[in-house]
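Student: Residue-level listing of the chains:
Number of protein chains: 2
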Amino acid sequence: MLSRTARALLADAPAIAGVHFRAEACSYHPDLCPDGYLNLGTAENRLVWELLAERLAGRPPLAERHSRYAPLHGTEELRHRVSGLLSRLTGQPLDAEQLVVVSGASAALDAVASALCDPGDAIVVPAPYYGPFDSDLAGRSGAELLPARTDTGTGLPEAVDRALERARRTGATVRAVALTSPCNPTGEVYPAETLEELLAVAAAHRVEVIADEVYAGTVFGRTAFASLAGRPGVHQVWGFAKDFGLPGLKVATVHTTDPELASAVRAFAHFAPVATDTQAMLSWLLSDVLWTDAFLAENRRRLAASYSAAAGLLDAHGIPYAPAGAGLSIWADLEPWLPTGDWGGERVLWQRLFERARISLTPGEVFHAARPGRFRLCHSLDPAVVKEALTRLAEHLGEPHRL
Amino acid sequence: MLSRTARALLADAPAIAGVHFRAEACSYHPDLCPDGYLNLGTAENRLVWELLAERLAGRPPLAERHSRYAPLHGTEELRHRVSGLLSRLTGQPLDAEQLVVVSGASAALDAVASALCDPGDAIVVPAPYYGPFDSDLAGRSGAELLPARTDTGTGLPEAVDRALERARRTGATVRAVALTSPCNPTGEVYPAETLEELLAVAAAHRVEVIADEVYAGTVFGRTAFASLAGRPGVHQVWGFAKDFGLPGLKVATVHTTDPELASAVRAFAHFAPVATDTQAMLSWLLSDVLWTDAFLAENRRRLAASYSAAAGLLDAHGIPYAPAGAGLSIWADLEPWLPTGDWGGERVLWQRLFERARISLTPGEVFHAARPGRFRLCHSLDPAVVKEALTRLAEHLGEPHRL
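Going down the list, the sequences are from chains A and B. Here UniProt numbering is used: position 296 in the first sequence is 296, and no number is missing along the way. Here UniProt numbering is used: position 320 in the second sequence is 320, and no number is missing along the way.
These are computed hints drawn from the structure, not numbers from a lab. A portion of the hints provided could be inaccurate.
Copies of one chain are not kept apart here, so a pair can be met inside one copy or by any two copies together.
Below, a list of computed lysine to any residue pairs in the SDA-like style, where the Cα atoms sit at most 25 Å apart [said to hold, decoys possible]:
hint, residue 1, residue 2
1, Lys-387, Glu-64
2, Lys-387, Asp-315
3, Lys-387, Tyr-69
4, Lys-387, Glu-50
5, Lys-387, Pro-71
6, Lys-387, Ala-11
7, Lys-387, Thr-340
8, Lys-387, Tyr-321
9, Lys-387, Leu-199
10, Lys-387, Ser-87
11, Lys-387, Gly-84
12, Lys-387, Leu-56
Computed from a predicted model, the values in this text were never measured in an experiment.
With the hints as constraints, model all of the structure from the sequences given.
Tutor: Listed below in C-alpha cells is the structure:
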C-alpha cells in the first residue's frame, strides 16, 4: 500500500513524457526513416548544440575536489556564475547568497511550493499553463492549483485578482500565484506594466509569487522581457534547459530575497543536489562572460528565425496561431479541424496526428486551455524537420471541418 | 510563514554538514597549516582518487544526446551497468528494470520512505543509526522514526522485534524497518543468519525493509557481506559515494522487486534526477567490468590497511573501540574521558576536541547511541593525517577521567 502522496503522484503522471520517448525512439529522417515521427511535442532547444560542443570540448577534467562533498544547495562558484548571468538577463543585481541550485526545474518548483504550502493550501495559476505544474507544484506539496483563466479575454492581473477573490470567498488558503514568464505554452512576453499590476494584486491579497522564468533568455519579439526576480515576495525559478539547450543536465536555480524561504529551499535542495562535476562544467561554461552573452544573443537570433519560418509555414497553410515573442513553441489553433468541438475531439485529432501523420504535438488540454483545439508546436529543431512536420500537418488537416 | 514540512526540516537540520565545511575550510597540513583541523568527522573515502583520476581521464566528451531529455529515473545504460555491478556485489541477479537512479542517497531514502509512509506512520530503525536518517527518512515523508536499541546487548532481530511489538501496543502504524548494512556508524557486518532472522521478523509484523547498503563494497573483515537486495519486501539503497569514493557526484539507486513501489519511486525520482552527463560518465566507468572489479578489490585492500593502522593506533593509546569489518570509520569509546557522564559531557568533549585539539569527530549523540561517549572516527584518509589526529587525540585525552 503506497502513501497518499505516492498515489497522487502516480495518478497525475504527466502523459507527455511517454509520447516523447515513443517519438524519439523512431524519429523521422528524410532518407533513413521517412515514416518516422516528427517530434514537435517536446520543448527542446536543438538550435545551439554545435556552439556548446565547441566550447565544452575545452572543459577541464574531473578534479579531486569535485569528487568530494560540496554544499548541497550549490557550489559557491556556480551560484556566483549564475547570479552574474541572471543579473545580466534580468537587469536586476541578484545575490549569489540568495540562489539555491537544485537538480532541475521540477525540483525547484517543488521546493518552493513545498516550502510555502501545507497540504490543502492553494496556488493560483494563470491558465493556460505549463501542464507539469500539476505535479511539480502540487504533487509533493499537497497544494491545490486554482486556474485563473487568461485565455477568455481577461488580462493577466484581472484574471489572477478574480481567482484570488473567488478563492477567498470559498475559504481556500491561497499561498502563492505561480506563472511561467515568458509564458509557456503561448510564448507571450508579459509587458512590464502587466507584471507590475500582477505584483500589486499579489501584494493586495498577501500571496507570494512563484515566477518560473526558465524562458528568460529566449525572448526575440518586440516586447522586452521584464523579470520579477529580486522583487519582494517573488521566488524565481530558472534553469539551463531552455536558454542553454541543456535539458539533460537537470540544473535549475531558485532565487529569493526572503531569507526564511531561502533557508527552507536549501533544506529541500538536500534531496535534489546536482553533481559537483556538472556544477564545475557549468561554472566553467559561464566563466567566459563574453562567450556567454554572445551565445545567448545567437540563441535568440536562431530562435527568432526558427519562429518566423514556422509561423510563415502556418500562415501559408492558413493555420491560425497566437503571435509569440519568446520560447521554443507556437500555440496553434486547430479548433476548426476538430472532428467534434469537445475535449474528446481534441484527443481524437491529437491521436490521428500522432498515429497517421506521425507528428507529435502537445494538445491544449495538457495546458488546461479554456477551449479544445489548441496545440503547442515546438519549432526549435532542424528547420527541415519543422517544414516536413508542418507540411504533413497541413496535408492531414485538409479543409477545416467546422468553419 | 513556512509549511509544516519546511519548519520540521529546518528544525532537524543535520549539524555535521556545518562542522565538515568549517574543518575543510582550514584543514591540517604538516608544513603549510600545522594548526589546521584534522577532519575525521566525514565519511569520505579518499583512498582511491588516483585510480579514478587515471581511468576518468579517458572519459568521452559530452555528446549531443546527453544534452537532451532522458528518462528521469535513470538512463537505460546506467541502470544496466549498475545492475551488473550490484549483481556481482550482492550475489543476487538484480534486474535493471527494477532499478531507479536518483541524485544521492538522501533522495533515495526519501523516495522510499515517502512512497511508503503517510505523515504519522512509523519506521523502526536499529540504533545507533546513521544520524541523517532523521531528515532523509522522516523529513519529507512525515514519518516518525522509532529506534530499536541494539547497543545494549540485544541482537538485531530481537531488538527490532521488540520495537515492533512496542509500536503495535501503542497503536503506531509501522510501515518499515530501515537499517544500514553494513552498519554505519559501527562498521559491523551482519551475518547472513542475523539478516534472515530480521527478514522473518519484518515478515511476521508485515512491514517492509529499507536496506541502506551504501557500504556494500567496503567489506574487508572476516564476516562476508550478505545483501538483502532482491528479497521480497526489501528496498535496497546503494550509491557511488562510499564504494567508489565519489560523494560529490550525488548518484544513488533504489532497487526493489515490488513493481508498485518501483513505480512510486520513479515518480519521486522525477524531483531528483541525475545529469545525463554524469550518468554517461559513470556508465563508462562501469563499462570495463575487469577494471571495476579490480578497483573494488583494491579499495577493500586499502580500507583494510587503513582500518588496521587506525585500530593499531587506538590500541597503542589504550582507546577502546568496536571491531569493524566494513566501512570508512571506527566506533570508538571515549566514555572514560567524558568530563561528565551525560550527553552534555559528550558535547563538551566533542567541542574541546574540535576547538583545542583541532580534531573533528562525530559524537555518538548524532547516531542516537545508547550511552554518551561514543565517537565515530573516519580513517579513509591520508594515513599521515589519521596518525596525527589519533596522536593528538591521545595527547588531549591524557589519562581517563572516570576510570
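Student: Measure nothing new, just compare the shortest in-copy and cross-copy C-alpha distances for Lys-387 and Gly-84 to 25 Å and report within, between, both or neither.
Tutor: This pair counts as neither: shortest intra-copy Cα distance 38 Å, inter-copy 44 Å.
Student: Could you place Lys-387 and Thr-340 in one of the four classes (within, between, both, neither) given a Cα distance threshold of 25 Å?
Tutor: neither (27 Å within a copy, 79 Å between copies)
Student: Given a CA cutoff of 25 Å, do Lys-387 and Leu-56 count as a within-copy pair, a between-copy pair, both, or neither?
Tutor: neither (30 Å within a copy, 42 Å between copies)
Student: Pop the pair Lys-387 and Ala-11 into one bin, within, between, both or neither, using alpha-carbon distances up to 25 Å.
Tutor: Neither way: Lys-387 and Ala-11 sit 36 Å apart in one copy and 56 Å across, limit 25 Å.
Student: With 25 Å as the alpha-carbon cut-off, assign the pair Lys-387 and Glu-64 to within, between, both or neither.
Tutor: between (47 Å within a copy, 22 Å between copies)
Student: Can you tell me if Lys-387 and Leu-199 fall within 25 Å by alpha carbon in one copy, between copies, both or neither?
Tutor: Neither. Shortest intra-copy (40 Å) and inter-copy (60 Å) distances fail the 25 Å Cα cut-off.
Student: Give the relationship of Lys-387 and Pro-71 under a CA distance limit of 25 Å: within one copy only, between copies only, both, or neither.
Tutor: For Lys-387 and Pro-71, neither the intra-copy (46 Å) nor the inter-copy (28 Å) Cα distance is at most 25 Å.
Student: Within a copy, between copies, both or neither: where do Lys-387 and Tyr-69 come within 25 Å Cα-Cα?
Tutor: between (48 Å within a copy, 23 Å between copies)
Student: At most 25 Å between C-alpha atoms: does Lys-387 with Tyr-321 qualify within a copy, between copies, both, or neither?
Tutor: within (16 Å within a copy, 72 Å between copies)
Student: Are the CA atoms of Lys-387 and Ser-87 at most 25 Å apart within a copy, between copies, both, or neither?
Tutor: For Lys-387 and Ser-87, the Cα distance exceeds 25 Å both inside one copy (37 Å) and across copies (48 Å).
Student: Up to 25 Å between alpha-carbons, please classify Lys-387 paired with Glu-50: within, between, both or neither.
Tutor: within (21 Å within a copy, 51 Å between copies)
Student: Evaluate Lys-387 and Asp-315 at a C-alpha cut-off of 25 Å and name the case that applies: within, between, both or neither.
Tutor: Within one copy only: 13 Å inside, 76 Å across.
The earlier numbered hints that this structure contradicts are 5, 6, 7, 9, 10, 11 and 12.
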